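If you're matching positions, the sequence shown starts at 1 in this note's numbering and goes up one per residue.
Rather than coming from a laboratory, the hints here were simulated on the basis of the structure. Among these hints, one or two may not hold up.
Derived lysine-lysine pairs resembling BS3-like cross-links, with alpha carbons at most 27 angstroms apart [to be verified]:
#1 Lys129 / Lys68
#2 Lys81 / Lys137
#3 Lys81 / Lys12
#4 Lys134 / Lys38
#5 Lys68 / Lys102
#6 Lys129 / Lys12
#7 Lys66 / Lys137
#8 Lys12 / Lys134
#9 Lys38 / Lys12
Computed from a predicted model, the values in this text were never measured in an experiment.
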Amino acid sequence: MFIVNVEGAIRKDNRWLIIERSNKEEHAEGLLSLVGGKVDQEGNSSDILESTLKREIMEEVNIVVKDKLQYVHNTSFVTDKGDHVINIVFLCEYTAGDTYPKSQDEIENVYWMLTDEILNHTHTPIYLKESIRKAEKSLSVF
Numbered sequence: 001m002f003i004v005n006v007e008g009a010i011r012k013d014n015r016w017l018i019i020e021r022s023n024k025e026e027h028a029e030g031l032l033s034l035v036g037g038k039v040d041q042e043g044n045s046s047d048i049l050e051s052t053l054k055r056e057i058m059e060e061v062n063i064v065v066k067d068k069l070q071y072v073h074n075t076s077f078v079t080d081k082g083d084h085v086i087n088i089v090f091l092c093e094y095t096a097g098d099t100y101p102k103s104q105d106e107i108e109n110v111y112w113m114l115t116d117e118i119l120n121h122t123h124t125p126i127y128l129k130e131s132i133r134k135a136e137k138s139l140s141v142f
């Protein structure tokens, strides 16, 4: 059984919204990441991935993104605890809100970073680099 996780590559003024994961997190603590979270079971529902992502973005960093989300890519991985995860990344456009680490148990800091800053940062894992590169390519059709 997989855990389904969604992440948003949020863009504003040529910068990406990047979080530094809290050291309290069980997976990838202290690393840079996109904003997102696990999809909860909701029974019968429509657009569960999109609604989950919008809720997670508001809960974690206090911002709203436009309704139109564009699929970027998906990956799978196994956490340090052995959980199998499917991760789905969407391109999002910032609409409103002042960003801050609203969920301090999950997020240490929030940054608006240029692509090169993310790709060259010492705390950027390879999977974030891949997501940012693919999101960057998706901008032309967004």
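Are Lys68 and Lys102 close enough, with their CA atoms no more than 27 angstroms apart? Distance of about 24 angstroms is within 27 angstroms: holds.
Restraint status (C-alpha distance of Lys129 to Lys68 at most 27 angstroms): Roughly 23 angstroms separates the two Cα atoms, so the pair holds.
Given pair status - Lys137, Lys81, alpha carbons within 27 angstroms: 33 angstroms, violated
Between Lys129 and Lys12, is the straight-line Cα distance small enough, at 27 angstroms or below? Distance of about 18 angstroms is within 27 angstroms: holds.
Starting from Lys12, check that the Cα of Lys134 is at most 27 angstroms away, please. Given that 27 angstroms is the threshold and the Cα spacing comes to 17 angstroms, the pair holds.
Does Lys134 pair with Lys38 here, judged by a C-alpha cut-off of 27 angstroms? 21 angstroms, holds
Given the proposed pairing of Lys38 with Lys12, does the C-alpha separation stay at or below 27 angstroms? 24 angstroms, holds
Run the distance test for Lys81 versus Lys12: straight-line Cα separation, threshold 27 angstroms. Measuring from Cα to Cα gives roughly 34 angstroms; hence the hint is violated.
Is it true that the CA of Lys66 sits at most 27 angstroms from the CA of Lys137? 19 angstroms, holds
The earlier numbered hints that this structure contradicts are 2 and 3.
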